[in-house]
Amino acid sequence: MINYITVLLVLFPLLGSVIVAFIRGEQAKNIALGFSLIELAMAILAWTKFDYANPDSQFIYNQPWIESLGIHFKVGMDGISFLLVLLTTVLVPLIILSSFRKEFRKPHALYALILFMQTGLVGVFTSLDAFLFYVAWEAALIPIYFISAIWGGEDRIRVTFKFFVYTMFGSLFMLIGIIYLFIQTPGHSFDINQFYQVALDKGTQSWLFWCFFLAFAIKMPIFPFHTWQPDTYTSAPTVGTMLLSGIMLKMGIYGVMRWLLPVLPLGLMQWGQTALILSIIGVVYASIIAFTQKDIKRLIAYSSIAHVGLISAGIFALNVQGMQGAMIQMISHGINVVGLFFVVEIIFDRTKARESYLLGGIASKAPVLAATFLIILLGAVALPLTNGFVGEFLLLNSIYEYGVWYAIVAGLTIIFGAVYMLRMYGNVMFGKEGTASANFTDVIGAEKLVLYAICAMVIFFGFKPQYLLHISEASVNNLLEIIKLKMQ
Amino acid sequence: MSSIIIIAITAIVVLYLGLYKVKSALLPVSVLGLLGAAASLVCVWDKNISYFNDMLVFNNYAIAFSILLIATTILIFLLSGNYFEKISSNVAEYYTILLFALSGGVVMVSFQNMSMLFIGIEILSVSMYIMAGIKKTDSASNEAALKYFLMGSFATGILLFGIALIYGATGSFNLVQIAGKASEQPLLFYAGVIFMLIAMTFKVGVAPFHFWTPDVYQGAPTLVSSFMSTVVKTAGFAAFLRLFGSAFTSVPAIWTVTLVVMVVLTLLIGNITAAFQQNVKRMLAYSSISHAGYMLIAILLLGQASPNAILIYSVAYSIASVASFGVMVAVKEQKGSDDLSAFNGLGRTNPVLAFVMTVALCSLGGIPLTAGFFGKFYIFGVAIAANYTWLIAIAVLMAAVGIYYYFKVIIAMYLRESENSESIQLSLAYKFVLIFCIMITILLGIAPALITNIL
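Top line first, the protein sequences correspond to chains B and G. Here the first sequence stands for residues 1416 to 1903, numbered as in this note's numbering. Here the second sequence stands for residues 34 to 488, numbered as in this note's numbering.
Calculated from the structure, these hints are not laboratory results. Source: prediction; values computed, not measured. Careful: at least some of the hints might be erroneous.
Claimed, not checked - Partner residues are not named here, just some residues of chain B that face chain G (Cβ under 10 Å, in silico): (1) Tyr1560; (2) Phe1561; (3) Arg1571; (4) Ile1572; (5) Met1583.
Heads up, the beta-carbon is just placed ideally off N, CA and C, and yes, glycines get one too.
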């Protein structure tokens, strides 16, 4: 059983999706939650058997899929993959639970799409075959498009369509890159190990770098490929925003670590600095714009661009702190941003307002919400002893090693980030009572459960980050060795 | 060979059935005849039989494409249950003419001799001229027929001219012998090749010889358009590849530049014009031009993988086209229009129809896990292997444009509301065809190996 755990993790949500699609009425969400919890249980089971010292992929499942093209259904997890699989399996039940109080049109379709997307996400994080990776990559995109477009807010059709065409465009370029590399592999195969063995000259790697980087940069998103993101995050339903920001943008970062860096190290040598500078520009740019936002959902969307820019800069700095910082920050950011968007949803649900000047004085009416919101927010601004701190510290440290000025610019921006987040908190929670928030009621039931769970994780991983860092340590070191070796 | 005979006899029988007013027997007899023809083809698989001094050779290539043509025709017939009766009282004519056209198509994919190529193309084309104008009182249909006929005749003349020149250069109509003597009279030979190239690209609707396509597709009855965009196009490409792949490979390919320009033009014109269409039928017509562009890439880069690439592309494209045209006919019947707005709210009123259309459009757009993805995947693979990366960059850009306009329909179906909420009632055969097409599309999207290795 344990040897098949990866393929089970990939395919189980698909089964759930098919079943949920046929269930009419209110039961759909309960059954979807059940499936996601069983999935979580399986991931925890895998955790108990996971070998921390082994840098290579574990629980590999390999079946020929299209033999004539060397395409295999090959999945497995090393430390890097496993952390992200954990993130996905933890967040999906929380996201489903967070939507329990809301009434959706056609709930069965929504929950079926969420579970289908989970298959795509876990597939992306575990694929050891480039073709499978591409298929999973698209399989994660299509459900989130429909979730955002069908259940989204105003102007959703235009906004989500832009998002869809934009990301599709990027991934088609990645497809070219994958096919090109496939033709260069010694054994004509899509296997990741074969891809690692391809040695191309500098010029070829340099354009291939952009084929892949475009797809990943659009997904994350990195400046200047981010223009779809704020609109999409704002107009998507909150479940969609959580999936997008909590898990899906990690696909781009993971893609860089798994495929871009080790396969195209010479391309990286040529363009790595450009990518790093773009990432840091993104940090600064998004923070400045976030500062001026009145809509709190939009503000968090921009702060998310800033965070992801820092993560990406840490990866392109190519050192252990950067990689490990990126890993733990991906987890923390996933947890925190889901929490933040959930709080926005709670507020919007009660007041129908997201503008900070319409809100205010909520803290006195809803102390539980105020307290949990504060904890999540402190995690997001990286206060020491919250989960955000370790990752941000490691990332800044790695950028410092790469270049002092980069670190100064990025570091100042992070402080700046704390200012606008706390200012937003002050406006919404304290201050004069807003027109929209006069009859505010505190959180109850499932809402409480989700908020407590997120706060628990924020504090726990703030005190004990090593639980996460250990998982990816061996694999990250191994990855860096491969890259350094190929760069010489 | 027996398949051509069976199809022709079926056509004549159906004609007589029409004469004796046995309307209810038309469809069953046609379908049975076609199934018989397909079965007779399956029996000679791997046998490589040639007929009449190598006029026709039924190798696996010919058989695979013939079966595809026959299967597509059966699906279209099953969709046409009541469709033709509403347009005209002479229903038998439809079945007969389409069957004759199909027999022409089978000749086109199995020819080994230029004269058979010409005969096949003419049988197919003349039938289609008639079909385009079959709505005798409708001016759009008449215009379509006239346009198609005039331009098609020109192309036929050019084709004959090309065949004559090649005959002059090599002294033979046989493909193998032509290949052997191709370099003896280069000037004459190459002139002939260019003429044939122009004629063939006209027949498959490649830019800059595509002008007839949108008008003819829109003017003709929808199911006839679907026949044109699937059977006629597949037969055309199969013949094109057979001609260039076996007769012209022994000499340097001086036509490469011409073909590259055509590919780029076709991709640009087809996709960009389609993106601006508000009428779904016309959009599909332009998108069919763009698909011709993708398939042309495989012919441009003649290689071992080309036949497979063309086969899987045509299968994916034909099946998805039949499904999307089928949905369009159903929608038009109820709403009286095939504009984009007619599809509004279909996802709510007819979830099954909307789902079928979604999968079909995803396949046409080349989204993974549908057959269309592998069609594009193979074509891209052929081109990248031949180091035509820049061409593929254009093709990929255009594929993104394709996704844009296909998704406009999907958006209309799921995200926009319609005024009337009546659902569309469909006959059992109609539902069967649509579901069957979707199942094949998804099946080939997951396991393309079922057909990729047979050639």
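To see whether the hints hold, each was checked on the structure:
The beta carbon of Tyr1560 of chain B comes within 9 Å of a beta carbon in chain G, closer than 10 Å, and the hint placing it at the interface holds. With a cut of 10 Å, the hint placing Phe1561 of chain B at the interface with chain G holds, because the nearest CB-to-CB distance is about 7 Å. With a cut of 10 Å, the hint placing Arg1571 of chain B at the interface with chain G holds, because the nearest CB-to-CB distance is about 8 Å. A cut of 10 Å between beta carbons decides the hint on Ile1572 of chain B: the least distance to chain G is about 5 Å, and the hint holds.
Checking Met1583 of chain B against chain G by beta carbon gives a least distance of about 5 Å; that is within 10 Å, so the hint holds.
Of the numbered hints stated above, none is contradicted by the structure.
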